[in-house]
Amino acid sequence: MDDSIPSGLLKEWKIGDNKLKKFTSVEDVNDIDALVKKALAYKVNPLKDATLGINKRIGLLFLNPSLRTRLSTQIAARNLGMEAIVFNVDKEGWQLEFEDGVVMSGNTSEHIKDAGPVLGSYFDILCIRTFPQLVNREDDYSELFINAFVRYCGRPVISLESATLHPLQSLTDVTTITEILQAKPLGRKPKIVLTWAPHIKPLPQCVANSFSQWMNAWKGTGEFVIAHPENYQLAEQFTKGATITTNQDEALKDADFVYVKNWSTYEDYGKIYENDPAWMLSLDKLKTTNDARVMHCLPVRRNVELSDDVLDSSHSIVTQEAANRVWAAQAVISELLK
Amino acid sequence: MDDSIPSGLLKEWKIGDNKLKKFTSVEDVNDIDALVKKALAYKVNPLKDATLGINKRIGLLFLNPSLRTRLSTQIAARNLGMEAIVFNVDKEGWQLEFEDGVVMSGNTSEHIKDAGPVLGSYFDILCIRTFPQLVNREDDYSELFINAFVRYCGRPVISLESATLHPLQSLTDVTTITEILQAKPLGRKPKIVLTWAPHIKPLPQCVANSFSQWMNAWKGTGEFVIAHPENYQLAEQFTKGATITTNQDEALKDADFVYVKNWSTYEDYGKIYENDPAWMLSLDKLKTTNDARVMHCLPVRRNVELSDDVLDSSHSIVTQEAANRVWAAQAVISELLK
Amino acid sequence: MDDSIPSGLLKEWKIGDNKLKKFTSVEDVNDIDALVKKALAYKVNPLKDATLGINKRIGLLFLNPSLRTRLSTQIAARNLGMEAIVFNVDKEGWQLEFEDGVVMSGNTSEHIKDAGPVLGSYFDILCIRTFPQLVNREDDYSELFINAFVRYCGRPVISLESATLHPLQSLTDVTTITEILQAKPLGRKPKIVLTWAPHIKPLPQCVANSFSQWMNAWKGTGEFVIAHPENYQLAEQFTKGATITTNQDEALKDADFVYVKNWSTYEDYGKIYENDPAWMLSLDKLKTTNDARVMHCLPVRRNVELSDDVLDSSHSIVTQEAANRVWAAQAVISELLK
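Residue numbers (this note's numbering), protein chains in the order written: chain R, 32 to 369; chain H, 32 to 369; chain Y, 32 to 369.
Because the hints were derived from the structure by calculation, they are not lab data.
Worth double-checking, as some hints may not be accurate.
The list treats identical chains as one, so a pair stands whether inside a single copy or across any two.
Stated by the list, open to error - Below, computed lysine to any residue pairings styled on SDA-like, alpha-carbon distance capped at 20 Å:
hint: 1; residue 1: Lys271; residue 2: His346
hint: 2; residue 1: Lys271; residue 2: Trp125
hint: 3; residue 1: Lys68; residue 2: Ala309
hint: 4; residue 1: Lys250; residue 2: Asp59
hint: 5; residue 1: Lys316; residue 2: Asn76
hint: 6; residue 1: Lys232; residue 2: Ser344
hint: 7; residue 1: Lys87; residue 2: Val75
hint: 8; residue 1: Lys79; residue 2: Glu114
hint: 9; residue 1: Lys369; residue 2: Asn167
hint: 10; residue 1: Lys250; residue 2: Arg88
hint: 11; residue 1: Lys232; residue 2: Gln126
hint: 12; residue 1: Lys79; residue 2: Glu366
hint: 13; residue 1: Lys52; residue 2: Leu329
hint: 14; residue 1: Lys215; residue 2: Ala309
hint: 15; residue 1: Lys144; residue 2: Glu281
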């Protein structure tokens, strides 16, 4: 772009403007508890910053389906006075290219290098959901898509779930645990267990990676245990610091919170090795816990991942957890608006 | 959910809160004429309650396509100051499960028992469109989907057309008939005819069921006649009270309003038995009517269901009828906001 | 419709009301430079007419995918205080019929004669995107779809790209050229070149037709040259007045602006004859230009239509061009609101 163009005339983003904040990982957060406190304050008073985002626009770009993330982020933005525009990139637009230097004679119609700056000129904050391909681990774990998006759009970016992480979900999870503990203090830090569950499809590791990352970073965590079958270990970069076991019963003992989630294999990438129904969390298994609260990011396959008798019991806080998505998103957007 | 959590902190819906109003059938309406009057008042002054829904949100969930219902309900909500969010469940989210107790190892990804309360936590009013499958009559006529939705979302629910009924359409129809009669009184109650029309696909019985139900419940109806070919009878629960005939000519005689609509068979469920083009309504057939107004819910297949010469004549009030969808929806939403 | 109905009760459109403005071609514009000036004024102050469209609604109907057009028009409408509602006709509704008098026993579910007036009753301004079929030239060039839409909806219509033209893009292009020249005057009218580029799919001629039409109509154009391979000539109705050549090098000489765009054949309609990669614009080819600015409507296939080294150089103004879509749309909507 020509620097001699009067800047007053230009609302476009220029390369070099990109000293902007983002929310794509726990590493983007300075103080988890401060953010949680903010989220819980919005829950008490959703409209307390109703003019903070006035005349500002947030773009929500989806390359994959979404229910909770989509709706809660829209609502959070509106609570802050922002205009929210949803765009289903894959269905309403066309397939984006993220590789550099490629001859675009295949299925992709537009490069993120071109789409990014344009979207940056249209919106004040951009959000994007880009699932992993689950084909090549190096590709997915390089976070090519969201990193290119952050690089080229030149605006604060919020991850609505990327190839390896789902930070809005994890902030919600910490917020929900905090809320529960504030209402009924334990007098000690909680034992929190992440347990693998069966599923019929190979799913991303995002939610499990991200929950592990946040549990390890959060100072409110007491013991954090990850339980999974043989060969289902997660990437060490996210789990480091956790106790890891293949014995679910042992993990559940005295647990205060049990997070249930399926993920596909990480080592021999994106596979389902076994799908032992014995790993489904049932009411019976909760007996050895400390009357544990059961969490899940939803959608959940009933009687595959979690039994009806757990989900329909007072152990389950999945609705409260999903409802809290709004306040977590609102806390993050309000931070980026500053 | 833990009852010890201070309720001020919880915006989620709890089971037991569900003493809420709904609009899924004429049976949910106390006074049809009062609702019609309200709709017509909004037509005169669309913005007279422009702040009634301020800071409230309505969610429009579609499991099936929609044009008029979608747009008119969005517009009606906005006229009342509400934030309206559309969500195409099938395209933007994933397939919902409605059966209780099922092992979810098939195509459905989320149970309404889990999605419902979450949606209830996001919205003040929820609307849903769920067409019948037209495979198993008992399943469709149990209204499993919308009933489960009402049960689990814990918010006032508006049907945007369910497996067997389309009440927003029928309220619009009664509103339109009332409007016409107010402008040009007959001096007597009108003869209203619902006549089957040919179509190339097996369609739901919803609009015909619903129109019958409302005509039979409305005190403004004079004679109400349903005309259809042999073997196309509708469910008696909706038609009881109507005169039913297989002689279209006889039905049309002296009619003041003719509602044209195709439906598939009810007895031997969801079939097209015959598709006699003689049942298409043409201008010629209207000669024996009392200069009848012709109605159709749209979309209409021209020259299959209704001839061009009727639709392009002054008999047709299909545009007026479709335009009135806004005011009917607005009347219903305003009732549920109270 | 019955004329005896008090007009105060009717918000529907009536045939005969249709003395309304539209924006479907340069022929709908009285003064290009005045419209450009308006667009650039909105760029300086996007919210200067923030209440002009208050309580008015704009409908954006898409029969085809869109990113920039969709988002920029939504944003432009919101900047003017309008409510914008997007409707993906093909995905959220059903297929429309545009042919007159047809027996609708095929794939189309609703005639524009019926959908148009209904949409007109819901919205104050309507926008529609309808790509050509690229099968039958006479059909596409008759602009059946958008003309029927204009005729039957009875509201001001904005083309979001039709079968043969893309006027919002062209207004943006003239606006961008004007902006560049105002910042760095040449002291003469610019030489502007439209050059064909290779692509892997047969694309519409819309952008090229429209740019040609606007260049020939605009009094700011100096020399306007169209360069394309043999057999890729455009329709004379749009190109008349331009210099046309099959020698790209000659065309580029001393060019101030180079517009790069693929289109399929017009004569032997909708084909790709050859796809000579030598026609891809590269940095090397720009050497003989007057340090030309390079334009493209996006999406662009990198290293097929345009090389990375051009798009990533200071020659490229494609981001500025795409960002300007907002202000061009805002200028047009504000004109139609008057």
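So, going through the hints one by one against the coordinates:
no. : hint              : result
1   : Lys271 <-> His346 : neither (28 Å within a copy, 48 Å between copies)
2   : Lys271 <-> Trp125 : neither (39 Å within a copy, 34 Å between copies)
3   : Lys68 <-> Ala309  : neither (38 Å within a copy, 60 Å between copies)
4   : Lys250 <-> Asp59  : within (16 Å within a copy, 52 Å between copies)
5   : Lys316 <-> Asn76  : neither (38 Å within a copy, 60 Å between copies)
6   : Lys232 <-> Ser344 : neither (26 Å within a copy, 45 Å between copies)
7   : Lys87 <-> Val75   : between (24 Å within a copy, 16 Å between copies)
8   : Lys79 <-> Glu114  : both (17 Å within a copy, 18 Å between copies)
9   : Lys369 <-> Asn167 : neither (38 Å within a copy, 55 Å between copies)
10  : Lys250 <-> Arg88  : neither (34 Å within a copy, 36 Å between copies)
11  : Lys232 <-> Gln126 : between (24 Å within a copy, 15 Å between copies)
12  : Lys79 <-> Glu366  : within (14 Å within a copy, 28 Å between copies)
13  : Lys52 <-> Leu329  : neither (28 Å within a copy, 28 Å between copies)
14  : Lys215 <-> Ala309 : neither (31 Å within a copy, 72 Å between copies)
15  : Lys144 <-> Glu281 : neither (49 Å within a copy, 30 Å between copies)
The structure shown violates the earlier hints numbered 1, 2, 3, 5, 6, 9, 10, 13, 14, 15.
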